[in-house]
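A.B. asks: Residue numbers (the UniProt record's numbering), protein chains in the order written: chain Z, 1 to 107; chain V, 1 to 984; chain S, 1 to 188.
Keep in mind that a hint or two might mislead.
What the hints assert, rightly or not - What follows is a set of in silico ranges between Cβ atoms, one per label pair, in the way DEER data are often shown: (1) V:Thr-885 to Z:Phe-43: 15 to 21 Å; (2) V:Gly-76 to S:Gly-7: 55 to 61 Å; (3) V:His-607 to Z:Met-1: 40 to 46 Å; (4) V:Lys-450 to S:Gly-139: 27 to 33 Å; (5) S:Lys-42 to V:Pro-661: 55 to 61 Å; (6) Z:Gly-105 to V:Pro-564: 51 to 57 Å; (7) Z:Phe-43 to V:Gln-452: 47 to 53 Å.
Claimed, not checked - Subject to a maximum C-alpha distance of 20 Å in a straight line, what follows is the list of computed EDC-like cross-link-like pairs (lysine to aspartate or glutamate): (8) V:Lys-737 to S:Glu-100; (9) V:Lys-450 to V:Asp-170; (10) Z:Lys-107 to V:Glu-732; (11) V:Lys-937 to V:Glu-896.
Quick caveat, the hints were computed from the structure, so don't treat them as lab data.
Even glycine gets a Cβ: it sits at the ideal position worked out from N, Cα and C.
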Amino acid sequence: MLTLTCPYCGVTVEETELYPGGEAHLKRFGPGSTDAEFESYMFARKNPKGVHFERWRHAYGCGKWFLAARDTVTWEVFGTYSAQTPEPPAALVATIKQKRPGWEGWK
Amino acid sequence: MSQRLAKGGRLIDRTKPLTFTFNSTRYTGFAGDTLASALLGTGKSLLGRSFKYHRPRGLVASGVEEPNVLVNLGEGDRLEPDQRATTTELFDGAVAASQNHWPSLAFDVGAINDYAYRMFPAGFYYKTFMVSTWAWHKIFEPIVRQAAGLGAAPRRADPDRYEQAYAYCDVLVAGGGVAGLMAALKAAKEGKRVILAEQTAHWGGRAPVDGGEIEGMAPEAWVKKTLEVLGAMDNVRLMTRTMVAGVHDHGYVIVYERVADHTPGDDRPRHRLWRVRAGVTKVATGAIERPLAFAGNDIPGVMLASAVRDYIVNWAVSPGEEIIVVTNNDDAYRTALAALKAGLKVIAVLDARPTANGPLAEAVKAKGVRVMPGHAVSKVRGKSKVVAVEICKQESAGEVVEVLGCDVVAMSGGWSPVVHLYSHAGGKVLWDEAAAMFRPDPARPPTGDKAQPIAEVVGAANGALTLTALCAEAGLAGGAEAEAPLAPVWVMPAKAKDKLKFKAFLDFQNDVKVSDVQLAAREGYASVEHTKRYTTLGMATDQGKLSNINGLAVLSEALGQPIPQTGTTTFRPPYTPISFGAITGEARGEIFQPLRKTPMHGWHETHGVHWEPVGLWRRPYTYPRAGEGHRDSVNREIVNTRTNVGLLDASTLGKIVVNGPDAGKFLDMMYTNMMSTLPVGKCRYGLMCSDNGFLIDDGVVVRLSEDTWLCHTTSGGADHIHAHMEDWLQCEWWDWKVYTANLTEEYAQIAVVGPKARMLLEKLGGMDVSKEALPFMTFKEGELGGFPVRIYRISFSGELSYEIAVPANMGLALWEKLNEAGAAFSAMPYGTEALHVMRAEKGFIMIGDETDGTVIPQDLGLGWAISKKKEDYLGKRAQARVHMTDPDRWTLVGLETLDGSVLPDGVYAVDEGVNENNQRKVQGRVTSTYYSPVLNKGIAMGLVKHGPSRMGEVLDFPADNGVVIKARICDPVFYDKAGEKADV
Amino acid sequence: MSEMMTGAVSPLNGKTIATGFATVAEVGLKGMVSLRADLGSKALAKALKALGLKTPAPREIVTEGGRSVAWMSPDELLVLCGYAEAAGVATDLEKALAKEHALVANVSDARAMFTVAGARADEVLMKLCPVDFAALKPGEMRRTRSAQVAAALWRSGPEELSLICFRSVAGYVMGLLEVSSRKGGEIS
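So here's chain Z without its partners, still in its complex pose (with noise of 0.2 Å):
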């Protein structure tokens, strides 16, 4: 069970207290947009071997979605950060490329 820090608290919580929000950074596709754009909004998911980026509620706290990148093989942490930041933040990338030199980037 894992544990993540809500970057508005700063406290440490366990999964328990956290309401999963599945792949972040999706972009919303509304009226006017192709099937295609839809589709990959609505249905498509990265499920990668490695790192992933996720929405996670701090919902037995303060209630507020944050996000968190998170390898899915290892479950090291790199970070959690604010749900308004429409991309990784370039020094969370940074640590990530620095610890998986592998790494073929979040998009």
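Starting from the known structure of chain Z, fit chains V and S onto it as the hints suggest.
C.D. replies: Same frame as chain Z, now just chains V and S:
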């Protein structure tokens, strides 16, 4: 015969005799005994029957690895099956019974299986039961069900209480032996928060029995001193009777404390499950001695060498009088020495190695004991107890060279480090060829959130099997006699003929023999994981603590490949079984799950309510009176509400306030219809969809002020709709100025419904509730009968209706006042079933009935509630997809049976022909169906292909037992089609 | 809403259980005002000052003169006060923040509040909440889970913890506290 020795026994207190019962006979033991030592002390050696062949079995081990002696412990509501006698502390009045035999332990009919062993080879079940499904159902399954399992399942509720607790530490040490104590002391001195858990009631592990010296002290004295130091430190928690069950991701460790197993009924919780977050778990779990695989190695009296000396030294119990030791290592000589010291006779030591001249062997020889290097057991003679040993050369097929009488065989095949905890969360092990054991690979530990190791191994668990090695590892002075290296022996004798291998057991608990594993290899089972399942090796309660390595080695030999190539099985938590009570913790009875109660809950209870669970809420379903069935009372409540006035506890309705300069814009995205244009003071019914287009919730939205709206949700939906709103606000439109607050529980809400509703409110007084002052679909704040309220003119029944919100703490008082004042108007409370029938009579949809996660508003004829003007709302893009706009989608209609009966819920309307799977085609289904007491007939709603354009058409609904019910498609509004009754 | 207090009764009407190794009690009627706003705003600081309080730091609860204000999230505070004064406090805050983007809601009736008192009070909540109580400092507000429901808790005295939960599950939480504080269940 086994017996209690006249003196000695470091763990027992002879001044405290305890009485216990085994198989209905009373015996006496001592405080400090385990059930196993006490039984052995009474002279009992036949203590159980094996699982498959019902062979007589006795104790093999002295600790958690014991595979044989599992008993039914306790009686009545405290009966618990499959309890290991070796880990059950004796207490006064303990009641135990042996398992897996009929009619008695001594004479067991099932033992016929033993003579038929050739009929039960590896994979017997798979091979036999796959013959035909008929035979499985008619013949085999009933027999297997009768024979399955070991102990008896308790039939009564457990009277004990259990709990869980959370703990946090830097270092959790698993195991209170010398290595664990050393690790705990080191960490504690560094100022770390330490938890030290020992699964038995005693500290020190094996060292006090095996001897040696630590820092100039005997092990027992060193343990005592170290405990005193640790006990005085604030940063250390010492726990006995506490087993580390599993190490999980991010240092989450499950720890099982047997608080009161040894003191039943003393008002303490029986077990406590600790949920520990540990920076690192120091695995100091020691090692387990391996049996040797020779013919008859399961006969009562054949025991692990370490267990024989444990019984002698710890509990002053001798498993017999004449002992033969058989070994492939030096450590087993300690058993000979301990036995001699206790005055027992050691007949011989059979050492499978070609030479035996280490210091321990020499010490045994010096006492006049015959040591036979290069020799082995060909076969143990005896039936329900050991009588003699047939001796052969180890390098032979088992030709007997001599027969020696004895009543105990103490065997040792070397030691296996207990690597379970290291493996649970992904730590890897490597094969140590010289020591013939798997040991943890320090380069591949289980890792945590910062990629740091979350488990480290010390002591015997790390392969430091001797006290000398263990002290060296910890950097302390100390040690014991030097030991010569062991020689791996997997089958005894090395070239044993088949007849011997048929009785050479690898897994005592599952009756798996050397021959079974070799057969599996011949049949193509190359993977240890497959072989394990095929033969049942290493399964069940002991999870292969004794059998894993021997089984693996035999398989490797049979496959002609080295052991590491065959691999090792995965160790899974828990290390030893833990109770369901501990897993359940406090969650049983009244607090099994949270029960949500409205402020009027208690009133409903005292007024004969029949409850309906709605999410975690309990809502009144109906209030049956004396002599009424539920259907009668529901009908009465409906008729009364439509004739006079009914009162509904609507407090569970979700109430979410949405506020801010962008609140209107936000709600226009949340709802399919336009909410930004709702005038202040007005109410509007709204629909909410997921962005995948499906209808997820509905309710009335109220505009409280220029920048504040109140959104009502369904009872079950409040929390997730609030979360849904916050998700979009926080993660998509975070620059919009909108705040939400879930005020569901701040208000009790009471629906006053029916033609006399207004009269009732007027009687309470304080507010003008006339049509003019408070028109339909508006709201008003004020004081009603002295209560601060907000009244909404909304209706879910089609009647004149007021929904009154009052601060929850006053909810009960207002409810009581309405009931009291309502008496003059024949007011009655009504429940959710009456509510459902009345909404169905009006053709109103219900989330969860008409919707199931695949239904869009367009399917329900709710196009009028979907804004055509808005550029966007959640679900709009999805609703434009091809499948969503398909004219063949099933659409909402009313259904009335031709004979006035009530359609069964969920039945399908069939169509002509069959589909590609040769199933009858369908063209619709029933979503809601009720008896309407007002119309005196069954009414229903359903989704039907091209439904609204097929009014009057009759459909076939096959129900149970071949009955086909005919129903006509009609308008879903059955009652007051013009809607005149609500707007008055 | 008005100041009328017609028949107001707290969820468990002040139920107390003193037979365990710690005393658990529902504290009865308690005023609570939820406030969502920009926590850095000057108007907010001023409004809190008028109540004798100050803006709390993240995870802090500030107590002054019988009132408290707790940090609940980056844009949410909870003011604790007397039940009868809650409506007035809400109105005052609303007025003071009229020009701000803010949401003030009286939630006094939506919650239940408990105290767990005694030298072993921590041991009761250790059994229910995934919280390291040794690290919970006075003045710290911890929002967490108590068994299966949401809870907020803090040290309200030298040997006392206070806990807030939703009103509807007050009976459930009382059940949790009762069984967890039962004698014999002390964690030695």
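A.B. asks: Against this structure, judge whether each hint is valid.
C.D. replies: Here is what the structure says about each hint:
no. : hint                               : in the structure
1   : V:Thr-885 to Z:Phe-43: 15 to 21 Å  : 18 Å, holds
2   : V:Gly-76 to S:Gly-7: 55 to 61 Å    : 48 Å, violated
3   : V:His-607 to Z:Met-1: 40 to 46 Å   : 44 Å, holds
4   : V:Lys-450 to S:Gly-139: 27 to 33 Å : 29 Å, holds
5   : S:Lys-42 to V:Pro-661: 55 to 61 Å  : 19 Å, violated
6   : Z:Gly-105 to V:Pro-564: 51 to 57 Å : 37 Å, violated
7   : Z:Phe-43 to V:Gln-452: 47 to 53 Å  : 37 Å, violated
8   : V:Lys-737 to S:Glu-100             : 10 Å, holds
9   : V:Lys-450 to V:Asp-170             : 15 Å, holds
10  : Z:Lys-107 to V:Glu-732             : 18 Å, holds
11  : V:Lys-937 to V:Glu-896             : 8 Å, holds
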